[in-house]
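Novice: Sequence:
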Amino acid sequence: MAEAVVGVLIGKIGMALAKEAAAYGASLLGKEASAIKDLFGNIRKAERELDSMKAYLHESEKFKDTDETTGIFVKNIRELSFQVEDVVDEFMYKLEGDKHGGFAAKMKKRIKHVKVWHRLAHKLHDINAELEEATKRRKRYAIPGMDTHGEDLVGIEGNAAKLKGCLVDDLEESNTKITTVWGMGGVGKTTLVDHVYKLVKLDFDAAAWVTVSKSYQVEDLLKKIATEFGISVASNMEMIRVVDVIRNHLGISWFLMMFGNGIFVLTSRLYEVASLATSKCTINLEPLEEKYSWNLFCKEAFRLSSDKTCPSELQDLAVKFLQKCEGLPIAISCIGRLLSFKPPTYPEWETVWKELESHSANNAIRSVDTILKVSLEDLPYQLKNCFLHCAMFPEDFEMKRRRLIRHWITSGFINEKENKTLEQVAEGYLSDLVNRSLLQVVRKNGAGRVKCCRMHDVILHLALDKAEKECFGKVSEGHSTVSMLPNEVFSLFNLRFLGLRDTQIESLPAAIGRLQNLEVLDASCSSLVSLPKDVVKLKKLRYLYACVKFTNGDFFHFGGVKMPRGMRNLTGLHALQSVKASTETLYDVAALTELRTFAVEDVKSEHTLSLRSALLNMTNLVSLSITTSNENEVLPLEELRLPVSLSKLALIGQLEKKRMPHILSSRLHLDNLTRLCLIFSKLDENTFPNLMVLHNLYFLALHKAYDGKTLCFSKHSFPRLRELCISSAPQLNQVEIEEDALVSLVTLWISGCPELKRLPRGIQYLAAQEELYLENTTDEFIEMLRQESEANDCKEELMKISHIREVIVESTEKNFWRRIVSNKGK
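Per numbering that gives the first Met the number 0, the sequence shown starts with residue 0, numbered consecutively.
In case anyone wonders, no lab produced these hints; they're calculated from the structure.
If you're wondering where the values come from, they're calculated on a predicted model, not measured in any experiment.
Check before you lean on any hint, since a few could be wrong.
[Unchecked claim] With a straight-line Cα cutoff of 20 Å, these simulated DMTMM-like cross-link-like pairs (lysine to aspartate or glutamate) come out:
| hint | residue 1 | residue 2 |
| --- | --- | --- |
| 1 | 538 | 501 |
| 2 | 399 | 289 |
| 3 | 319 | 356 |
| 4 | 93 | 78 |
| 5 | 223 | 397 |
| 6 | 197 | 637 |
| 7 | 74 | 131 |
| 8 | 319 | 289 |
With the hints as extra help, turn the sequences into a complete structure.
Specialist: Here it is in structure tokens:
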């Protein structure tokens, strides 16, 4: 993907040339002026040559695996591009360094750099000469004939019925059953099992989906299992402790958990694994039959049309494409999606067919691999680097949208378009990769956006191979625990992303200031309590995450980190969390007008004015978290003007009861607010109704926030709320839900309410509700559920929730766990 490398490099050269006016505008020494002029001339020449090559490289890329001359040419250009990039990077770094220090220091650096400018100009001159020679060779040896311009649930019904039967039919409590699904890569094993898993998991008291990679660690595997069961485990929890937590949750012994009662479904490409199955519980997944292949192909290739049918003039070509796919859903999906991006005309489809044929002509690789390769190479160059970057994550890794976007931006793969931010452009790229079936969606958020995705292992194999051949990157697997960073890190002046999350690093040296190109510093949940003053030199920093994790019972709290003076210089910051409040720090933060995410901890009354001034400037803020110095401190909400753009708000501290009506009525402008988390708020029957002016909330969490005895949701309250969490309300003994309240509620969590002895009154009105979780509830409620279902009290209570798909009742102290599934869930 040489043209992707060149595309990024051209943008970088453009940035270097933008410095030309500034360089000439200074009072230059004679030798310095001559050296810089020579250097800029060579930079400009390299830009012109590479720019003219880019379009050619896009086409030649498709032939480099099948034509040796083309492969040599593309490799040569890629290597020369890297050399040009090294020159440009060193020039930019040295030029930026000239800005610091007094007059004498600057002059000394400039005199010293005269030799550097001459050396770089000479080096670039030689590279340009090689580029010209490569171009001449390309003309001499022209490439003849170079005329180029999700898996789905289709055909699995029979195997799905068989698998479902293996899992739920004739299972006695004492039985252990192993079912295996095996077949070649890309045949749809995971798709089949995932489909059936979602259908039958509610028939079991506990269910977990865990992916085991080739290089798995037992500790990581156990934590994945715990997470699937909804158990919170700390990142540094010892393995034996994780085992105990899972055992207590399931109420089984370690031996049984590993080898005893239960149903296991294994997927593999190996017959040896398939042979582990219980009798008659092996499914050999074969490639799709012809009719199912055709249905899937049409569904993908014509996904944008209403009838999803193939025009008669394209049917012959469609049959040829399907022959290449060999019945594998992943190949059918990829080629179908590729064609869906082309006009549905014979010439356009024939061009794609010729590309496939040219790959296959002189190459012994399988047809399926050929299709996947062509799908990768058809990507616009802006997407190619983003795609290859995804291959750097481990096998079966779930990549979060926001993390991917940060990585792509800091790697220089994203350029602003029209009126869109970098983040918006990057999210569009992610959607493109999903639409091309090169990434699979794992989860979406409440708004329907991709929350996390993964790469199919068949595609990952090809992507890793390509990434290594293209010198994009190489993956080395291993595990290590860091307590400090090696000094070599601070010599990487091109470093853009530094991830220290969940490490034991306690301090950063002043040398951090040398990383002038750093855009992301992620030190969340590390042992850092303060940042060095040299952090303020990182002018390109875009995301700064630094917080310390504290545990208070079942409540996790993230403490703020002390920031150095001068943070106001980091004007490009989009995210800053979490800072330890001080008047000086908040004064600096007031200058950070580009912030989208901001979290401040340890807020006291003396910080009110400074915090108010800072928030008034944050007109782009989307996520805000404010935490007081202790749970008895009152949040200064009346004095704060929250930005209209706010979507997520967390308030940790008391709310002033007398002023609540006025405070909340002034929040009517928060039309974009969808998530609200309140902790230590001390709400009661009189103050809680004031929250109901927030009509657009779809998530509300009250943790140690309600001190009243009765919690009432009146008619028409919270019409869009989908998830409600109420925890640690020691006096709460009754929840009332009036008809036409909470009409959109899907999930209700109630935890740590020892006086709540009955289900919420009116819960039967919640027609949209699918999940109810009751944790650490009263002894009376547990005893009632332990009675026979014919008991009047129990029967009456259960009738209230008969419409809810899944109900889970749990008590840690009583070692009680009960799962109730309604007919709606089956």
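Novice: Against each hint, give a clear statement of whether it holds in the structure.
Specialist: Cross-check of the supplied hints:
1. 538 with 501: Given pair residue 538, residue 501 is violated - Cα atoms ~25 Å apart, limit 20 Å.
2. 399 with 289: violated (36 Å)
3. 319 with 356: Holds, at about 11 Å.
4. 93 with 78: Violated. Residue 93 to residue 78 sits at ~23 Å, over the 20 Å cutoff.
5. 223 with 397: Roughly 12 Å separates the two Cα atoms, so the pair holds.
6. 197 with 637: Violated. Residue 197 to residue 637 sits at ~47 Å, over the 20 Å cutoff.
7. 74 with 131: At roughly 15 Å apart (the allowed maximum being 20 Å), residue 131 and residue 74 satisfy the hint.
8. 319 with 289: holds (12 Å)
In this structure, the earlier hints numbered 1, 2, 4, 6 are contradicted, and the remaining ones agree with it.
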